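S.K.: The whole structure should be built from the sequences, with the hints applied where relevant.
Below, each chain spelled out in residue letters.
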Amino acid sequence: MRVKGVIFILVVALLGFGLSFISVEGWIEESIEEQASILNEAKVEIDGFTFDVFGLHVGWSRLQVTNPNNTMMNTFETGETEFDVEFWPLLWRKVIIEDVRLTGFALETERETDGYFEIPVSEETGEPEEPGFIAEVTSEVGNEISKNAQMEFSDVKDDINVDSLMAMVNLQSLDKMDSLKTGLEQNYQNWNNTITNNTVEEDVKNIRTTVEAIDINKLKDPKQAIAALNSLKKVTAQADSIRTFITTTKSTFQTDLANSKESLGSIDTWIQEDIDRAANVAKLPEINAQSIGTALFGGSLLGDFNSYLEYLGMARTYGSKLIGSDDEEEKIERYEGVNYEFTDKYDWPSFWVKNIELSGRTNTDIDLSGQVTDISSDQEKTGKPIIFDLGGEDENAVSLTVDGEINYLGEEPKEQVKVAYQGFSLQSTKISPSELLPYDLTQGTGRLSVDLSVIDKRIESEVEYLAENINFDFESAGSPKNTVESLIRSAISDTDQINATALINNTSGPLNVRVRSNIDDLFLNALKGTVTKEVEEAKRKIQNEVEGRVNDKKAEVETFAREKEAELRSEYDKYEARVNEQLKVVDEKKAELEKKKKELEDAIKNRAQDAIKKIGF
Amino acid sequence: MLLIIKYIAKLLKALSSEASPSQIAGGVILGMIIGLTPIASFHNLIIVVLIIILKVNIGMAILGFFVFSGVAYLADPLFHSIGTSILENQGLQATFTSMYDSEWWAMTRFYNTVVIGSFISAVILSIPMFPVTIFGVNQYRDKVHAKVQKWKIVKALKGSKVYSIYQTVNRVRS
Numbered sequence: 000m001r002v003k004g005v006i007f008i009l010v011v012a013l014l015g016f017g018l019s020f021i022s023v024e025g026w027i028e029e030s031i032e033e034q035a036s037i038l039n040e041a042k043v044e045i046d047g048f049t050f051d052v053f054g055l056h057v058g059w060s061r062l063q064v065t066n067p068n069n070t071m072m073n074t075f076e077t078g079e080t081e082f083d084v085e086f087w088p089l090l091w092r093k094v095i096i097e098d099v100r101l102t103g104f105a106l107e108t109e110r111e112t113d114g115y116f117e118i119p120v121s122e123e124t125g126e127p128e129e130p131g132f133i134a135e136v137t138s139e140v141g142n143e144i145s146k147n148a149q150m151e152f153s154d155v156k157d158d159i160n161v162d163s164l165m166a167m168v169n170l171q172s173l174d175k176m177d178s179l180k181t182g183l184e185q186n187y188q189n190w191n192n193t194i195t196n197n198t199v200e201e202d203v204k205n206i207r208t209t210v211e212a213i214d215i216n217k218l219k220d221p222k223q224a225i226a227a228l229n230s231l232k233k234v235t236a237q238a239d240s241i242r243t244f245i246t247t248t249k250s251t252f253q254t255d256l257a258n259s260k261e262s263l264g265s266i267d268t269w270i271q272e273d274i275d276r277a278a279n280v281a282k283l284p285e286i287n288a289q290s291i292g293t294a295l296f297g298g299s300l301l302g303d304f305n306s307y308l309e310y311l312g313m314a315r316t317y318g319s320k321l322i323g324s325d326d327e328e329e330k331i332e333r334y335e336g337v338n339y340e341f342t343d344k345y346d347w348p349s350f351w352v353k354n355i356e357l358s359g360r361t362n363t364d365i366d367l368s369g370q371v372t373d374i375s376s377d378q379e380k381t382g383k384p385i386i387f388d389l390g391g392e393d394e395n396a397v398s399l400t401v402d403g404e405i406n407y408l409g410e411e412p413k414e415q416v417k418v419a420y421q422g423f424s425l426q427s428t429k430i431s432p433s434e435l436l437p438y439d440l441t442q443g444t445g446r447l448s449v450d451l452s453v454i455d456k457r458i459e460s461e462v463e464y465l466a467e468n469i470n471f472d473f474e475s476a477g478s479p480k481n482t483v484e485s486l487i488r489s490a491i492s493d494t495d496q497i498n499a500t501a502l503i504n505n506t507s508g509p510l511n512v513r514v515r516s517n518i519d520d521l522f523l524n525a526l527k528g529t530v531t532k533e534v535e536e537a538k539r540k541i542q543n544e545v546e547g548r549v550n551d552k553k554a555e556v557e558t559f560a561r562e563k564e565a566e567l568r569s570e571y572d573k574y575e576a577r578v579n580e581q582l583k584v585v586d587e588k589k590a591e592l593e594k595k596k597k598e599l600e601d602a603i604k605n606r607a608q609d610a611i612k613k614i615g616f
Numbered sequence: 000m001l002l003i004i005k006y007i008a009k010l011l012k013a014l015s016s017e018a019s020p021s022q023i024a025g026g027v028i029l030g031m032i033i034g035l036t037p038i039a040s041f042h043n044l045i046i047v048v049l050i051i052i053l054k055v056n057i058g059m060a061i062l063g064f065f066v067f068s069g070v071a072y073l074a075d076p077l078f079h080s081i082g083t084s085i086l087e088n089q090g091l092q093a094t095f096t097s098m099y100d101s102e103w104w105a106m107t108r109f110y111n112t113v114v115i116g117s118f119i120s121a122v123i124l125s126i127p128m129f130p131v132t133i134f135g136v137n138q139y140r141d142k143v144h145a146k147v148q149k150w151k152i153v154k155a156l157k158g159s160k161v162y163s164i165y166q167t168v169n170r171v172r173s
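Note that the protein sequences, when read in sequence, are chains A and B.
All residue numbers for the first sequence refer to numbering that gives the first Met the number 0, where the first residue is 0 and numbers rise by one.
All residue numbers for the second sequence refer to numbering that gives the first Met the number 0, where the first residue is 0 and numbers rise by one.
Think of the hints as simulated: they come from the structure by calculation, not from any bench.
Careful, some of the hints might be misleading.
Stretches of chain A that chain B covers, calculated by requiring three or more beta carbons in the stretch to come under 8 Å of a beta carbon on chain B [stated by the list, open to error]: (1) 4 to 13; (2) 339 to 346.
Once the Cα atoms are required to be at most 35 Å apart in a straight line, the calculated DSBU-like pairs of lysine-lysine come out as [what the hints assert, rightly or not]: (3) B:K142 <-> A:K540; (4) A:K3 <-> B:K9; (5) A:K573 <-> B:K54; (6) A:K3 <-> B:K157; (7) A:K249 <-> A:K573; (8) A:K3 <-> B:K12; (9) A:K3 <-> B:K5.
Every value quoted in this text rests on a predicted model; they were computed, and no experiment measured them.
Even for Gly, the Cβ is constructed at its ideal location relative to N, Cα and C.
M.R.: This is the structure we're talking about:
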């Protein structure tokens with residue numbers, strides 16, 4: 000035994016422990032901040048970080064995660080947090096945390112400093128990210144909200160100046176019709192070329208010449224007839240291929256012409272779109288229960304929906320970033336061999352927080368607490384989805400519950416969230432941002448519930464809003480300014496409860512947004528006799544003007560298409576008749592030859608029978 | 000450069016008389032095990048500790064490591080197939096499963112075909128390697144050493160300025 004060697008080993012071990020104990024906290028804190036900031040694309044800051052090497056106990060006094068879209072705000076922040084990291088998985092480079100005690104959780108808090116973070120060049124992907132599916136839906140819903148915000152019900156004028164309106168509206172149908180005409184022209188020209196510039200007629204003529212060269216009367220025995228039939232067989236095959244070509248071409252020709260005719264049908268849709276656009280510019284509303292419901296409550300309900308959907312989008316983005324890190328493989332110079340997994344004991348994900356006991360306060364002072372379980376980089380390995388269940392209430396018994404599931408276990412990613420916020424006071428608030436309901440409430444309590452489900456790219460959601468025991472403050476608003484307002488006031492004066500529901504889904508195609516409430520019909524009846532008439536009159540004027548401007552072009556395109564199609568059809572029919580006439584000669588010749596062959600064979604058969612009879616058999 | 004010359008001189012010195020043949024053989028074998036098996040394996044940490052605390056020749060261990068690392072680079076596919084047959088041996092499945100379930104054993108990565116294949120090969124190879132190396136060292140001392148001293152390259156090395164500096168440093172240190 001080398002005594003110096005033993006001392007050396009002991010010294011190295013002690014130095015290692017000592018050094019790691021001294022410098023490890025700062026290094027880990029910096030590393031976590033750096034990596035998390037890269038992942039978040041904005042600063043992630045940890046204050047009061049502690050790390051106990053021997054107990055693998057981690058804690059911090061404050062964690063701030065900057066909102067990358069607004070670097071002066073935090074997406075969320077936490078207060079005192081503590082957890083233990085499991086030892087063995089660390090040796091497999093996996094971070095597994097059993098229980099996290101997280102306090103002081105708060106969403107959307109203000110930052111004292113700018114949380115901008117410059118991502119190191121090597122970490123950037125280089126390619127701009129495409130907006131995700133959820134971002135697209137959020138933007139579509141956002142458009143719907145702004146469209147509703149523009150609707151004006153009580154200030155409709157039927158004496159619109161259509162000339163100045165038209166100056167603001169770009170009639171797109173004119174350009175679209177021009178481009179349709181050009182397309183049709185090219186298509187017709189192509190067919191014209193197909194009919195006139197092909198070798199079919201030439202080929203058929205050659206076949207006919209070959210066939211006519213066969214003189215049936217000169218055929219004296221079946222052998223000659225068979226030889227003639229064989230040479231005819233070759234040209235018959237050519238004729239058949241020409242026939243197939245003609246049939247296929249005819250079918251394509253007819254389908255193509257039918258498609259062209261169908262595209263002419265789009266003209267009316269384009270014109271209608273121009274009319275609708277003009278009506279929008281003139282701020283003419285659709286007077287029906289759906290549009291009234293949307294105008295009254297669409298803004299707030301869809302706004303809430305978008306906020307929650309953005310959180311889900313965030314979860315999906317972070318989720319995909321975490322999952323991505325599992326695929327990174329270390330490069331090993333030597334041949335690495337194959338790992339035999341005798342049990343699934345070490346089949347951990349790279350990152351797994353099993354349980355978070357969370358507590359915090361919302362910006363409306365509700366003390367929130369609950370659990371978030373199984374946040375992991377690979378749910379297939381844990382076999383568990385992320386489940387969250389939070390709830391709490393403030394001193395006035397206003398309560399909030401948020402529960403849901405982020406499940407990537409199946410083939411399709413699935414996110415579900417249910418939020419219920421109830422008991423909040425509506426006193427001195429407006430129930431709708433719409434000009435139709437400009438009155439404050441003197442009393443009332445509200446309940447908002449959101450049920451949001453996203454499966455892959457399919458959204459099915461319901462946002463429900465209920466206002467109870469309400470009373471409108473008509474007195475402060477003064478006397479009604481017009482008939483519409485007066486009608487609305489009398490319609491809703493007896494209402495003490497309003498419920499509105501927004502249904503957002505794309506399960507059967509494009510995004511469908513419907514907003515309804517129990518007061519839509521009251522408004523509809525109030526508006527029917529007054530605004531509806533004015534809207535209809537204004538719409539009629541716009542329709543007449545748009546149609547007047549585009550009808551000549553429509554007629555021009557339709558006439559062009561009709562004439563060209565008739566011309567082409569006639570040419571094609573003639574061409575087909577010519578080819579068929581030539582092919583008919585070939586068929587006739589073939590039939591004659593078959594007949595001659597049979598005659599010759601019969602003659603030989605008869606002669607042979609006569610000879611046999613003569614011999615006396 | 001000085002380090003390399005120092006290392007070569009130490010090796011030659013050890014071979015000629017300084018170290019016992021068993022110390023040299025021990026060094027070669029331990030170096031061989033590290034060289035043949037993937038370096039970042041837990042068992043290699045233990046072997047490094049053994050090299051430091053046991054009275055084996057460290058220079059020979061380093062030499063063994065370099066020589067057998069090259070061999071391993073080529074022999075890994077062979078180690079993989081040896082490892083595969085060991086890990087797939089039906090009679091050993093229960094043993095491997097219980098070993099795998101123990102974190103300490105799992106740290107050795109003996110569930111990897113190349114790790115276990117190369118380790119078992121190295122251990123088996125060390126059984127004949129030990130007496131063969133002792134025999135080789137004895138043969139070198141009896142028959143080769145004197146001839147090596149007469150080689151021009153050795154003379155040139157001994158006559159070089161670097162070597163004289165090395166000797167001076169050695170004298171001062173001793």
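S.K.: Quick check: do three or more residues in the segment 339 to 346 of chain A have a beta carbon closer than 8 Å to a beta carbon of chain B?
M.R.: That given contact holds, which follows from 6 residues of the segment 339 to 346 of chain A lying within Cβ reach (below 8 Å) of chain B.
S.K.: Between A:K3 and B:K12, does the CA-CA distance stay at or below 35 Å?
M.R.: 21 Å, holds
S.K.: Has the given pair, A:K573 with B:K54, been kept, meaning a C-alpha gap of at most 35 Å?
M.R.: 107 Å, violated
S.K.: Taking only the CA atoms, is the gap from A:K3 to B:K5 under or equal to 35 Å?
M.R.: 21 Å, holds
S.K.: Verify the coverage statement for the segment 4 to 13 of chain A against chain B, using a C-beta to C-beta distance below 8 Å and requiring 3 or more qualifying residues.
M.R.: holds (count 4)
S.K.: Against the 35 Å threshold, does the CA-CA distance of A:K249 and A:K573 hold or violate the hint?
M.R.: Holds: A:K249 and A:K573 sit about 13 Å apart, inside 35 Å.
S.K.: Given the hinted pair A:K3 and B:K9, is their alpha-carbon gap at most 35 Å?
M.R.: Status holds; Cα separation ~19 Å.
S.K.: Could you grab the alpha-carbon distance between A:K3 and B:K157 and see if it respects the 35 Å cut-off?
M.R.: Cα-Cα ~30 Å, so holds.
S.K.: Check whether the Cα positions of B:K142 and A:K540 lie no farther apart than 35 Å.
M.R.: Violated - the C-alpha atoms of A:K540 and B:K142 are around 119 Å apart, more than 35 Å.
Checked against the numbered hints above, the structure violates hints 3 and 5; every other hint is satisfied.
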